[in-house]
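Participant: For the record, the sequence lines run as chains A and B.
End of the first sequence sits at 955 in the numbering used here; the numbers just go up one at a time, nothing left out.
End of the second sequence sits at 313 in the numbering used here; the numbers just go up one at a time, nothing left out.
For the record, the hints were derived by calculation from the structure and aren't laboratory data.
Check each hint, because a few of them may be wrong.
To be verified - Pairwise CB distance ranges, derived in the manner of DEER restraints:
| no. | chain 1 | residue 1 | chain 2 | residue 2 | range |
| --- | --- | --- | --- | --- | --- |
| 1 | B | Asn-106 | A | Gln-921 | 44 to 54 angstroms |
| 2 | B | Pro-270 | A | Arg-690 | 12 to 22 angstroms |
| 3 | B | Ala-104 | A | Gln-921 | 45 to 55 angstroms |
| 4 | A | Arg-749 | B | Asp-60 | 23 to 33 angstroms |
| 5 | A | Arg-916 | B | Ala-104 | 32 to 42 angstroms |
| 6 | A | Arg-916 | B | Asn-106 | 48 to 58 angstroms |
| 7 | A | Gly-872 | B | Ala-216 | 46 to 56 angstroms |
To be verified - Just a sample of chain B residues kept apart from chain A, beta carbon distances all over 10 angstroms, derived:
| no. | residue |
| --- | --- |
| 8 | Asn-38 |
| 9 | Ser-83 |
| 10 | Met-105 |
| 11 | Leu-122 |
| 12 | Asp-136 |
| 13 | Arg-153 |
| 14 | Lys-156 |
| 15 | Pro-200 |
| 16 | Gly-202 |
| 17 | Ile-203 |
| 18 | Tyr-211 |
| 19 | Ser-241 |
As the list claims (entries may be wrong) - Incomplete in silico selection of chain B near chain A, CB under 10 angstroms:
| no. | residue |
| --- | --- |
| 20 | Pro-21 |
| 21 | Gly-50 |
| 22 | Lys-126 |
| 23 | His-139 |
| 24 | Glu-140 |
| 25 | Arg-273 |
Note that the Cβ used here is the ideal one computed from N, Cα and C, for glycine as well.
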Amino acid sequence: MFLFRKIRFLDSAAQTLVEGELLIKDGVIADFGPSLGRPDGAQIVEAEGAILCPGLVDLRAFLGEPGFEYRETIASAALAAAAGGITTIAVLPDSAPAIDDPAIARLITARGQETGSLTLLPYAAATRGCRGEELAEYGLLKAAGAIAFTDGQRAIASSRLMRRALAYASGFGMRIVQHPEDAELAAGGAATEGARASWMGLPGIPAAAEAICIARDIRLAALTGGAVHFAHVSTAEGCALIAQAKHEGLHVTADTAPPYFDLNETAIGDFRTYAKLSPPLRTEADRQAVLAALADGTIDAIASDHQPRDADDKRQPFAEASPGGAGLVTLLGVTLAQVQSGHLTMAQALALLTVKPAAWLGIETGRIAKGAPADLCLFDPSRSWRVTAGQLPGKGQNTPFDGRALEGVVLGTWKAGNQVFFGQA
Amino acid sequence: MTHPRHLLGIAGLNPVAVTAMLDLAESYVLLNRSGKTQRDLLRGRTLINLFFEDSTRTRTSFELAGKRLGADVINMSVATSSVTKGETLLDTAATLNAMNCDLLVVRHNRSGAPALLAQKVDAAVINAGDGTHEHPTQALLDALTIRRRKGRLSGLTVAICGDIAHSRVARSNILLLTMLGNFVRVIGPPTLIPAGIEAPGVTVYHDMAAGLAGADIVMALRLQRERMSGGLIPSAREFFAFYGLDRKKLGYAKPDALVMHPGPMNRGVEIDSDIADDAARSLIKEQVEMGVAVRMAVLDSLARGYN
């Protein structure tokens, strides 16, 4: 039992920050209000000026298990998640083996429960082995806990296959999550096509590769009545297409990740492989468009897009280095930077990290409400810290934000009423 | 200003540094022609030619440059077909450190590989061509060749023709020539022009007649055979018909325009033998001679800074 005093929290109904007290008991949010007195046996947490928000709900992360334990394990990811205020993660299925069998989906859920600090919700493979050839067993996978179907970092390239996936999944009321990239146009590419890639001598991926895939899949969603979700949207054109599809009332949703609204392609200068991501970092105009799409609701959630890599994956010539960035522990801070810069309100930023992804997943957490699970994150928005690759919690140290000063220090994380992370006071 | 430790590209240089390097190279041209040597300059220093990609002329040129300055020169060729390419690169770096190598000349088929090695080795690293990124010593030797023949290295119109997209020579040359106030035209089919290459001093043409009009220097680039199979151009004969440098197309340039090619040439693809072997117009042999002098200057300059 914890009583939080002198904190601010987001009133889910009013969508504003209110000052007050909040009590958690028996694993749920028992009460909140201006003053709750002194309930017997409650441990008092006083943090003047700090914000108590729902534990972050991360729509997209790769956690290394099974098959890539040298990059990350669920235990190591749980440390990073707790330090980053994250209490729920939707886990990508392109592991080895892929999550294309009900037993593996159940295993991921169980491995999450073992951590005691993190709920893991498995995505399942859209195609067997995420190979893009034949559909996986959507019905059995859904029964085993799969939340949606995706081939992870691989785009579902074939139009015919994507059509069938959308149609078949819709029969189970399920979504297809797409890595929106025309696979043929992007083949062999390492950076966004343009002057920077040309001068660095890097094979380019045109921004149009994203728009082409999004445009196609929107038409296929319309054709089938299926629901499509576009992951890590990174271009202005992609955002515009999604806004238009939503306007038409199609079942289209989207997320993006901090690198795409915080960094642009200049981050790869001097062949910095930690900034080699998939999709690649884009132009400044694209970055601004993604930020605007977050503010106007076109994009539904901010995911960490955590893709842990080890030194051998990254210490390679740029074109050969494995794409992906660590993102768990920086998810909150990089998002809050857009609150400080005035592009998002605090309520918008927190909603994109909590209530909106939770609603997308259809889960109970992610909101401050009586009876809701006591998954909480307490952070001080005015304190700062510096991101240092090599000193982050968890195994994945390949942050594209290395050296960056971030405001917003996590003071504590609670999972089902238990404190699972203790920040420095 | 601190002395640069490595030569990874033209991008890191300024006009003063380039001019100083060319002046030093000029002195080595005279020394080489006089038949004298200066074998005490790099005596006791170890130069390793580390080539992950086949090359005869660049490696030989560096070898000769190193030997003329008295360095101990070792050639290492590493097969690029190995699946553990990345590991080889950093393992090689560790090996080279253990050998106390002073000067490391690197060629690699991946852009940025010499920059990666430079972070890990104690030696001064010289980029001898990395992927489609840069080939700085080629640009320096081209600049020296032009300066000697034209008497200046500014205000000239230089046309670079053919496969610009896959050419590190083109990139380094564009950077160097525009830095010194020349006008560069790149001419080729749209599929062989890299995106966003237009810049102050750089103009793109798809037509040889328009692009070569008024040019002082015409550079032809090697066209790799795999560009045809990759679907970027339909055939060698179509490429030669529209972009191959022959007597007729050279006629669009200034009457005293000179022809260059970094080698090795595909005769009848990007350049006609008639032009390549025309001593009055072709600088191709002189480029090879300047190559040794420029590389002596680069080795000398970096070794002084290294100490």
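Participant: Indicate, hint by hint, whether the structure satisfies it.
Facilitator: Here is how each hint holds up against the structure:
1. Asn-106/B to Gln-921/A: 44 to 54 angstroms: Hint violated: Cβ distance 33 angstroms, outside 44 to 54 angstroms.
2. Pro-270/B to Arg-690/A: 12 to 22 angstroms: Given range 12 to 22 angstroms: violated, Cβ gap about 46 angstroms.
3. Ala-104/B to Gln-921/A: 45 to 55 angstroms: violated (29 angstroms)
4. Arg-749/A to Asp-60/B: 23 to 33 angstroms: violated (48 angstroms)
5. Arg-916/A to Ala-104/B: 32 to 42 angstroms: For Arg-916/A and Ala-104/B the Cβ distance comes to about 35 angstroms; the hint holds.
6. Arg-916/A to Asn-106/B: 48 to 58 angstroms: Since Arg-916/A and Asn-106/B have Cβ atoms about 37 angstroms apart, the given range 48 to 58 angstroms is violated.
7. Gly-872/A to Ala-216/B: 46 to 56 angstroms: Roughly 49 angstroms apart at Cβ, these two residues keep to the hinted range, so it holds.
8. Asn-38: holds (31 angstroms)
9. Ser-83: holds (18 angstroms)
10. Met-105: Per Cβ check, Met-105/B is outside 10 angstroms of chain A; nearest 21 angstroms; holds.
11. Leu-122: Given a closest Cβ separation of 6 angstroms, the condition is violated.
12. Asp-136: Incorrect as stated: the minimum Cβ-Cβ distance to chain A is 7 angstroms, not above 10 angstroms.
13. Arg-153: Holds: least Cβ distance 24 angstroms, greater than 10 angstroms.
14. Lys-156: holds (26 angstroms)
15. Pro-200: At about 4 angstroms from chain A, Pro-200/B fails to clear the 10 angstroms cut-off, so the statement is violated.
16. Gly-202: violated (3 angstroms)
17. Ile-203: Given that some Cβ of chain A is not farther than 10 angstroms from that of Ile-203/B, nearest at about 6 angstroms, it is violated.
18. Tyr-211: Its Cβ never comes within 10 angstroms of chain A, the nearest being 17 angstroms, so this holds.
19. Ser-241: holds (23 angstroms)
20. Pro-21: Since the shortest Cβ distance to chain A is 18 angstroms, the answer is violated.
21. Gly-50: violated (32 angstroms)
22. Lys-126: At about 8 angstroms, which falls below the 10 angstroms cut-off, the nearest Cβ of chain A leaves the hint on Lys-126/B intact, so it holds.
23. His-139: Status holds, d = 3 angstroms.
24. Glu-140: Status holds, d = 7 angstroms.
25. Arg-273: For Arg-273/B, the interface hint is violated, since the closest Cβ of chain A sits about 27 angstroms away, which is over 10 angstroms.
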